[in-house]
Amino acid sequence: MAKGDPGVTTRGRRAAPRSKRAAAANGPELVQLLTPEGERIESATGPDGTEYRVDFTDEEYRGLYRDLVLVRKLDAEATALQRQGELGLWASLLGQEAAQVGSGRALRTQDMAFPTYREHGVLYCRGIDPIMPLGLFRGVDQGGWDPNEFKFNMYTIVIGAQTLHATGYAMGVAMDGKTGTEDGEAVIAYFGDGATSQGDVNEAFVWASVFNAPMVFFCQNNQYAISEPLERQTRVPLYQRAAGFGFPGVRVDGNDVLASYAVTRHALDNARLGQGPSLIEAYTYRMGAHTTSDDPTRYRIASEVEAWQAKDPIARMKAFLEKQQIADADFFAAVDEQARTESVHLRERVLEMPNPEPVSMFDHVYPHGSAELDQQRAQFTKYMESFEGSAH
Amino acid sequence: MSRIKEFNLPDLGEGLTEGEILAWLVKVGDVIELNQPIVEVETAKAAVEIPAKWAGQVRAIFHPEGSTIEVGTPIISIDTDPGAGPIEESTTGTPAADLPTPSAASLAAVEVAPAEGAVEPGLIGGPAPGGRTAVLVGYGPRTTAAKRRPRKGGVPAQASAPAAPVVRAPAVPVAPPTPVAPVAAPSDGNGRAGGPVLAKPPVRKLAKDLGVDLGTLTGSGPLGSITREDVQRAAAAPAAAEPLTTAAPTATAASFGADREQRIPVKGVRRLTAENVSRSAFTAPHVTEFLTVDVTRAMKALDRLRGRREWRDVRVSPLLLVAKAVLLAVKRHPMVNSTWAGDEIVVKNYVNLGIAAATERGLIVPNIKDAGRLSLRELADAMTDLVQTAKTGKTSPADMSGGTLTITNVGVFGVDTGTPILPPGESAILAFGAVREMPWVHKGKVKPRQVTTLGLSFDHRIIDGELGSKFLRDIGDFLSDPEAALLAWT
Numbered sequence: 043m044a045k046g047d048p049g050v051t052t053r054g055r056r057a058a059p060r061s062k063r064a065a066a067a068n069g070p071e072l073v074q075l076l077t078p079e080g081e082r083i084e085s086a087t088g089p090d091g092t093e094y095r096v097d098f099t100d101e102e103y104r105g106l107y108r109d110l111v112l113v114r115k116l117d118a119e120a121t122a123l124q125r126q127g128e129l130g131l132w133a134s135l136l137g138q139e140a141a142q143v144g145s146g147r148a149l150r151t152q153d154m155a156f157p158t159y160r161e162h163g164v165l166y167c168r169g170i171d172p173i174m175p176l177g178l179f180r181g182v183d184q185g186g187w188d189p190n191e192f193k194f195n196m197y198t199i200v201i202g203a204q205t206l207h208a209t210g211y212a213m214g215v216a217m218d219g220k221t222g223t224e225d226g227e228a229v230i231a232y233f234g235d236g237a238t239s240q241g242d243v244n245e246a247f248v249w250a251s252v253f254n255a256p257m258v259f260f261c262q263n264n265q266y267a268i269s270e271p272l273e274r275q276t277r278v279p280l281y282q283r284a285a286g287f288g289f290p291g292v293r294v295d296g297n298d299v300l301a302s303y304a305v306t307r308h309a310l311d312n313a314r315l316g317q318g319p320s321l322i323e324a325y326t327y328r329m330g331a332h333t334t335s336d337d338p339t340r341y342r343i344a345s346e347v348e349a350w351q352a353k354d355p356i357a358r359m360k361a362f363l364e365k366q367q368i369a370d371a372d373f374f375a376a377v378d379e380q381a382r383t384e385s386v387h388l389r390e391r392v393l394e395m396p397n398p399e400p401v402s403m404f405d406h407v408y409p410h411g412s413a414e415l416d417q418q419r420a421q422f423t424k425y426m427e428s429f430e431g432s433a434h
Numbered sequence: 011m012s013r014i015k016e017f018n019l020p021d022l023g024e025g026l027t028e029g030e031i032l033a034w035l036v037k038v039g040d041v042i043e044l045n046q047p048i049v050e051v052e053t054a055k056a057a058v059e060i061p062a063k064w065a066g067q068v069r070a071i072f073h074p075e076g077s078t079i080e081v082g083t084p085i086i087s088i089d090t091d092p093g094a095g096p097i098e099e100s101t102t103g104t105p106a107a108d109l110p111t112p113s114a115a116s117l118a119a120v121e122v123a124p125a126e127g128a129v130e131p132g133l134i135g136g137p138a139p140g141g142r143t144a145v146l147v148g149y150g151p152r153t154t155a156a157k158r159r160p161r162k163g164g165v166p167a168q169a170s171a172p173a174a175p176v177v178r179a180p181a182v183p184v185a186p187p188t189p190v191a192p193v194a195a196p197s198d199g200n201g202r203a204g205g206p207v208l209a210k211p212p213v214r215k216l217a218k219d220l221g222v223d224l225g226t227l228t229g230s231g232p233l234g235s236i237t238r239e240d241v242q243r244a245a246a247a248p249a250a251a252e253p254l255t256t257a258a259p260t261a262t263a264a265s266f267g268a269d270r271e272q273r274i275p276v277k278g279v280r281r282l283t284a285e286n287v288s289r290s291a292f293t294a295p296h297v298t299e300f301l302t303v304d305v306t307r308a309m310k311a312l313d314r315l316r317g318r319r320e321w322r323d324v325r326v327s328p329l330l331l332v333a334k335a336v337l338l339a340v341k342r343h344p345m346v347n348s349t350w351a352g353d354e355i356v357v358k359n360y361v362n363l364g365i366a367a368a369t370e371r372g373l374i375v376p377n378i379k380d381a382g383r384l385s386l387r388e389l390a391d392a393m394t395d396l397v398q399t400a401k402t403g404k405t406s407p408a409d410m411s412g413g414t415l416t417i418t419n420v421g422v423f424g425v426d427t428g429t430p431i432l433p434p435g436e437s438a439i440l441a442f443g444a445v446r447e448m449p450w451v452h453k454g455k456v457k458p459r460q461v462t463t464l465g466l467s468f469d470h471r472i473i474d475g476e477l478g479s480k481f482l483r484d485i486g487d488f489l490s491d492p493e494a495a496l497l498a499w500t
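Line by line, the protein sequences give chains A and B.
Just so you know, we're using the working numbering here: the first sequence kicks off at 43 and counts up by one.
Just so you know, we're using the working numbering here: the second sequence kicks off at 11 and counts up by one.
Hints were generated in silico from the structure; no laboratory data involved.
Keep in mind that the hints are not guaranteed to be accurate.
[Unchecked claim] The calculated lysine-lysine pairs, modelled on DSS-like cross-linking and capped at a C-alpha distance of 30 Å, are:
1) B:Lys37 - A:Lys115
2) B:Lys37 - B:Lys55
3) B:Lys37 - B:Lys404
4) B:Lys480 - B:Lys453
5) B:Lys480 - B:Lys341
6) B:Lys453 - A:Lys353
7) B:Lys277 - B:Lys455
8) A:Lys220 - A:Lys115
9) A:Lys220 - A:Lys193
10) B:Lys404 - B:Lys379
11) A:Lys424 - B:Lys215
12) B:Lys310 - B:Lys401
13) B:Lys55 - A:Lys115
14) B:Lys310 - B:Lys277
15) B:Lys453 - B:Lys310
16) B:Lys358 - A:Lys353
17) B:Lys15 - A:Lys115
18) A:Lys115 - A:Lys353
19) B:Lys210 - A:Lys424
20) B:Lys358 - B:Lys379
21) B:Lys210 - B:Lys55
[Stated by the list, open to error] Pairwise CB distance ranges (calculated):
22) A:Ser402 - B:Glu59: 32 to 42 Å
23) A:Ala349 - B:Ile355: 55 to 65 Å
24) B:Glu59 - A:Asp97: 50 to 60 Å
25) A:Gly210 - B:Ser411: 56 to 66 Å
26) A:Ala285 - B:Ser479: 39 to 49 Å
27) B:Thr394 - A:Ala285: 40 to 50 Å
28) A:Asp370 - B:Thr394: 52 to 62 Å
We put the CB at the ideal spot given by N, CA and C, even for glycine.
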């Protein structure tokens, strides 16, 4: 994906005629540009009348497909590594690739992202080595990437807390005068459907709205907060909550990488231009477990999973590329081979990750250390040394 | 590194200590690929498939399906280079004659040290007697040389300490798997015998500072854990601790014949049932009432129903009429369909009718959602579905949750009635006994009639004797003359 190339055109129309919204008859509107069967939809209209469309080159379409496949394969490798005892835990993104790659590729270089612990796809799009989160989940480091270098914050385990961090960061961006132009900065915060019930998220909504923070709230509604289904989170479609806070909300097909891109790019551009926050509800499905410690068969039925399999984000992109003759069998084989090679490489590097020295836990508490910390380190070192050479 | 690799059961959740092998997906001799699913393991958190860590050929499977394995125990061995010819002795570090399988006993007891060296003391604070290593988090016992050891101790137990490589006894390759004797480590009941030494970190610190080896102590705390006092006592009289050192409490346990008692692990449906009935029995004050009724007319009505063309393919059982009777009676007495919620009583305006079912997995109570809104025909179909689903073991958790009132059909076992225990959260449960031909006074004469006994248990916090009696009476009235009841009530 060419950076800086909008690749998307949108036309804002605040007062859409009601007839445009007739499609909402059997449920909330869903912005979709690629159907599960791989048919392209020219343009889609959001609830506020915004028209979304994308105009990618063939190379860019193939690039998105490659991203989706790589991200899924690396994720599967991480899950396998956990099952083999090489990671303590893993939160799989299976099924949510399109929402992550679409939104991740929509970010511009200067935009800042605040992830949960599942945004491996966004992390990949930000150019971070995919090994990084594996170090975190293997327990050998704290994550390892520089958030300022890659404009991608550390994983946040506390549910929804990152929306407040992101809003604070966005306030800083605004105060630095970095908004209001087409080269302005925007901030995106990722969270899930369960997080919408958190106080933090609602506080972030209020604050971002009232102070017009350059924010995009990107909710991947994967239908479950661990085992709690969506109907236990909300009585209205999540994107409609935005209206109550005073900013636009839109629901996008989160298994459609093109629509996810278009909607996110539009919301980011609004934010960077100083038009305030938006909420995107990427309607998707977590095909796997919440984490490797979870067993989804205990709370959801197989037929539901099957229904979502038919909406797979990668299958529809592949069908589209084939139908439009944008890619041939050689291309797909090459992508699969690349994915295989990268996953083998990932595995080898994970197995070689050195265990940290126990005393290293004192290293990053303060940027410049402290006298008290030095004392604690010395005590701990002495304690550890007392074990060696003991008589037995 | 050896070409024969043993895969240890990892901690599949966060801090799990064991897992049960549900099914092997490969067998000895299979050539497998990297990440190919090899085994299904159920832990306290989830049932998961484990993918192969190495490509190669399966040489041995160490535990049969159904066994419970501690984290860190080898479960399978894989030849990672099967094309390279016969195995050489030096490739494994254990005598060639012993290959490919570790002895069943050594595996079962988890007293085997990794072949390549000592076990690093686990996070619980080091090896316990017998060389076992307790691991609460991480990836199982480390197979590197031990770097850290307790400062003092000089304990005789070290004769069997993990530092010495354990030579594995010859064993039978497990294909098909031979049953492996008790897999779970034996325990003497105070958590000591084969188990980790239990003690809180400050106690461990104290022990270390005082030079007391925790492995030599018998704990007096909860679950046999070692307390601060135990350590201080041992430090005051160090000699006294010695005799306790390697006492093997398991040996004394064997004085009874092994076959005179059987120990069945409490798990799955049995555990759930036990928790539910105990909780219900000791929180909801139960009252049970009985009513014996002449159901001859009802049985005849059922026969006429079966004879109708549109009911030809429908399963019509006496339970169907009982269900209908209960649903109609609930409408007349809505309070029985309620939940005691501490400060308030939640009366439900819908009936999710539970039907207790005996299945191979044990007792389960799926319920028919909104049964009160169903026609008799829909109710019959729903009951047939429910029973079929239960029999095939496919009842989903959703089917079993949210019940509001339950029927238990103990009559199918040929008994007259019972005093059922309320499912938690419900206020009434009806036991439906066997329908028998009995002498009965009918129109002034003793005649053989079809008779059954109903038993109704209810939560006395919500339902008084009067309400319970009226409810039971109405069910009985319906069953003794369904046509009249239908005309009168609906």
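CA of Lys424 of chain A to CA of Lys215 of chain B, is that 30 Å or under?
-> Roughly 14 Å between the alpha carbons, so the hint for Lys424 of chain A and Lys215 of chain B holds.
Would you check the hint for Lys480 of chain B and Lys341 of chain B, treating anything up to 30 Å between C-alpha atoms as holding?
-> holds, 12 Å
For Ser402 of chain A and Glu59 of chain B, compare the CB-CB distance with the range 32 to 42 Å and indicate the outcome.
-> This hint holds: roughly 35 Å between Cβ atoms.
Can the restraint linking Lys310 of chain B and Lys277 of chain B be considered satisfied, given a maximum Cα separation of 30 Å?
-> Since the Cα atoms of Lys310 of chain B and Lys277 of chain B sit roughly 44 Å apart, the hinted pair is violated (cutoff 30 Å).
Assess, step by step, whether the Cα of Lys453 of chain B is no farther than 30 Å from the Cα of Lys310 of chain B, and give holds or violated.
-> Holds, at about 18 Å.
Within a Cα-Cα threshold of 30 Å, do Lys220 of chain A and Lys115 of chain A meet the stated pairing?
-> violated, 37 Å
Keeping to a limit of 30 Å between CA atoms, is the pair of Lys37 of chain B and Lys55 of chain B held or broken?
-> holds, 26 Å
Does 50 to 60 Å hold as the CB distance between Glu59 of chain B and Asp97 of chain A, or does it fail?
-> Violated: the Cβ-Cβ distance is about 43 Å, outside 50 to 60 Å.
Is it true that the C-beta distance of Ala285 of chain A to Ser479 of chain B lies inside 39 to 49 Å, as the hint says?
-> violated, 55 Å
CA of Lys37 of chain B to CA of Lys115 of chain A, is that 30 Å or under?
-> holds, 27 Å
For the pair supplied as a hint, Lys55 of chain B and Lys115 of chain A, confirm whether the alpha-carbon distance does not exceed 30 Å.
-> With Cα atoms ~25 Å apart, Lys55 of chain B and Lys115 of chain A stay inside 30 Å; holds.
Quick one, are Lys220 of chain A and Lys193 of chain A close enough, alpha carbons at most 30 Å?
-> Answer holds: Lys220 of chain A to Lys193 of chain A is near 15 Å, not above 30 Å.
Violated hints, listed in ascending order, are 6, 7, 8, 14, 16, 23, 24, 25 and 26; each of the other numbered hints is respected by the structure.
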